[in-house]
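Chains as they are written, first to last, in numbering that gives the first Met the number 0: chain D, 0 to 301; chain U, 0 to 371; chain Z, 0 to 292.
In case anyone wonders, no lab produced these hints; they're calculated from the structure.
Possibly wrong hints are sitting among the right ones.
[Unchecked claim] Which residues of chain D face chain Z? A partial, calculated answer using Cβ under 7 Å:
| hint | residue |
| --- | --- |
| 1 | T27 |
| 2 | L122 |
| 3 | I125 |
| 4 | E294 |
Ideal Cβ positions, reconstructed from N, Cα and C, are used throughout, including at glycine.
Spelled out, the chains give:
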Amino acid sequence: MSSAASPAFKRLGDVVEQALPKLVLGPTLLASLVFVYGFILWTGWLSFTESRMLPRYELAGLVQYISLFQNDRWWVALTNLAVFGSLFILVCLAVGLLMAVLLDQRIRAEGALRSIYLYPMALSFIVTGTAWKWILNPSLGLERLVQQMGFTDFTFDWLVNPDMSIYTVVIAGAWQSSGFVMALFLAGLRGIDESIIKAAQVDGASMPRIYLSIVIPSLRPVFLSAIIILAHIAIKSFDLVMALTGGGPGFSSDLPATFMYAFGFTRNQIGLGAASAMMMLFTVAAVVVPLMYSELRRQRHG
Amino acid sequence: MASLEVRNVRRVFGSTEVLKDINLSIDSGDFLILVGPSGCGKSTLLNIIAGLDTPTSGDVLIGDQVVNHLSPKDRDIAMVFQSYALYPTMSVRKNISFGLEMRGVPKEERAKTVNRVAKILQIEHLLDRKPSQLSGGQRQRVAMGRAIARDPALFLFDEPLSNLDAKLRVEMRMEIKLLHERLKATIVYVTHDQIEAMTLGSRIAVMHGGEIRQFGPPQEIYDEPADLFVAGFIGSPSMNFIRTEVVERGGDIAVQLKTASGAFALSVPGQQAALRPWIGKSVILGLRPEQISAGGNGQTAGSKVQEQRLTIDLVEPTGPDTLLFTQISDATVCARVRPEHACRAGETMALAFDLSKAVFFDPQSEKRLRAP
Amino acid sequence: MAEHAEVRTAGPRLLGRAVIYALLILLAMYYLAPLFVMVSTSVKTLDEIRAGNLIALPAEITLSAWAKAWSSACTGVDCSGLRGNFWNSVSFVVPAVLISTLIGAFNGYVLTMWRFRGSDLLFTLLMIGCFIPFQVVLLPMAQTLGWLGIANSTTGLVFVHVVYGLAFTTLFFRNFYVSVPQEMTKAARIDGAGFFRIFWRIILPLSPPIITVTVIWQFTQIWNDFLFGVVFSSGERQPITVALNNLVNTSTGVKEYNVDMAAAIIAALPTLLVYVVAGKYFVRGLTAGSVKG
């Protein structure tokens, strides 16, 4: 070909220059491959062994998964995750949407109010847990306050009541995260083309009607991403439970994350801990993948 | 200034062939236009000339030197982008001198160049502003200034006017043309606007589907389109295309046309050799709107012009001309007449057809019919 | 007639506005209440706490609980307050934030301005790292840190936070640079600037907003982290969140709620301060991280 007539080699500088982007991205990719994907496989491997205090690498089949699902504490953790997860998501969505819609009504001091609703997001779950642990204190906290207001029969002992302890996690968790959902929805509301709302007004629709049939349905993508994020927070929830109830009383407010920590690190059951970690990964995948997939498909089909 | 040659350039992305064997050659000082609808490959070709993209095969030569192996900075080119691509954090002065600085030009010389360029483009008063403080037209000037300052062998323009409003676009078009004449620069200019292509270019390459459909001087492209696509793409309003049958009428070649009120034939002067093999067959007649004018002026006698009375469906005054639309052989046909000759919609009037510049296409291959 | 009509429409409208504002203020009080309770409890004496109630204002303000939380409260066996842990946190948070932000910036720059075949796929691969529950990497990481000899060290925590923060920082910068016209890089290449020169001279000067967003996001995330802290550090190496949790859950002796609250506020203060000063960027980070992540 004619290019043979031209100098086929490139200058060294140009070669380096061309490789630079890949070189720069390299370490991150390597880190991701090893410390994310590699470690997932590693944990997966451990979950098929009889590792206890020290990791062992002879495969032993599904023993850990079998003992996991024969473990009452794991079932409590799973049930709690279902209860906590669904309530947490529902409350956050409802409160977040309410606040966003209210704030969207040309409110004075909107900025200040928004900041107030959102500041819990800046706190550590440990701080949140500590604060709510005090507020929900069965003798000195909310219970005493209401009793002093004249309702002397009032009891509020959820924090130490094994049947109710998981709901305290919902209360504290929703307090921390609903402001964030508000911010998402508010951004979504601000992104709606105002001429659509004007057109509906011209058509004679009332404001509540406009919200119900036009505005909120058009927030569908926001709902989806909010649900994905909230589900993700719920499944990973660890710090809040540790600070608020420590998983107790007993193990009544355990979640998979605290279960994994207890068995993997404090009770020297590495194999079981690995199995529970893998189950958490599968749960996240089971929730996130279908939601993301449906969203992507919807976007593609316009 | 340098010549440019593109030899057998192909570019394949995955399984799609974006450029199919492109060949081009222009002389030093030429103004080459790459024109075509979006997705035709013109921007890819420009990027390949610039070195921002690599051809799958083939060569690019600037000033008779193969530059395939050279990175953009070593090709001695300058480029003006559609979005202007001004560096937003730098002042206009810095924007213009950045390329010189990268090439190690001494400071005093840079200052001198900036001032000279600013004078040419009349942007001296803008030198200390940031791009965000400029209007669209001013940004365009700065982008050109950045290119001129470098005094390159080759200027590349990537749809530089498409972000400007209509009035400014016409102004800037004139300025680019003046600049070209003043600098005697070699320019490659990408656009999808056929008016820009016609007014600016000394050579035009009309591209479609990764191929160059026709390459030549503007008037040749306009008068002698190589195929149906080029004929339809260049010219506004577009050329009329009418499906018709070639007949022989007393030794002459004619085309058979029909309207709601009946059929008529128009004889074709010239092109005997090209059309004779097509007698009795169907072809596509291409006739530009200005080749159909108002009849009944008594000038037709002895000329090649033939008249026919037709019902006018729609009238569109444009100011200097009025466009009349009528229905011939199932095609909507546009005629360009002087405003005072226009009738009203629904009326009939005599239209004069000048077929001396008519072109004919093979309905299958869509290629121009030429003498064998 | 006209007057009537006006009254009829103005009445419900005014009422509606009143309801909206009442709801908003009620919600604001709900969100502020825990903060108020924390602050007021932290400046009360223990006797007053036992005698009074949650929302009662302190009769007299004392900072002794704060002093104790800072320098002499017991977190487990150690009784030197949160002071040491506070500076622990500072010592690994600052380098972790800076390193992960810098690398994220370069990654975002490559993924937008220097895309190559497969770079989008690599980005997707990287982003999945945002989604995994970190429990799934804890056991191998504990072992690896031991092998590397950086278990229970500042370096170890910096390393872990950088590795698992990169997906987010990369996402932030990539999403920001996506809106910077690629032509800018092309123009600079033709002008003769190379990979690093374009980054320093053209791209970085555009980036202060996204740098602020990323730094704030990373700072908040890493400062507030508990999981990595509790798993990968122990004793006096522990970050402040772990120490706070230990302090609150130490079961020996009298429960000092005022010290707990003071300690909680101390742990929350840096991120709260950032929120007050740069809340706008904090929110941007939250929404940016969520839209795509």
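Could you check the structure against the hints above and give me the numbers of any it violates, in ascending order?
-> Failing hint: just 4.
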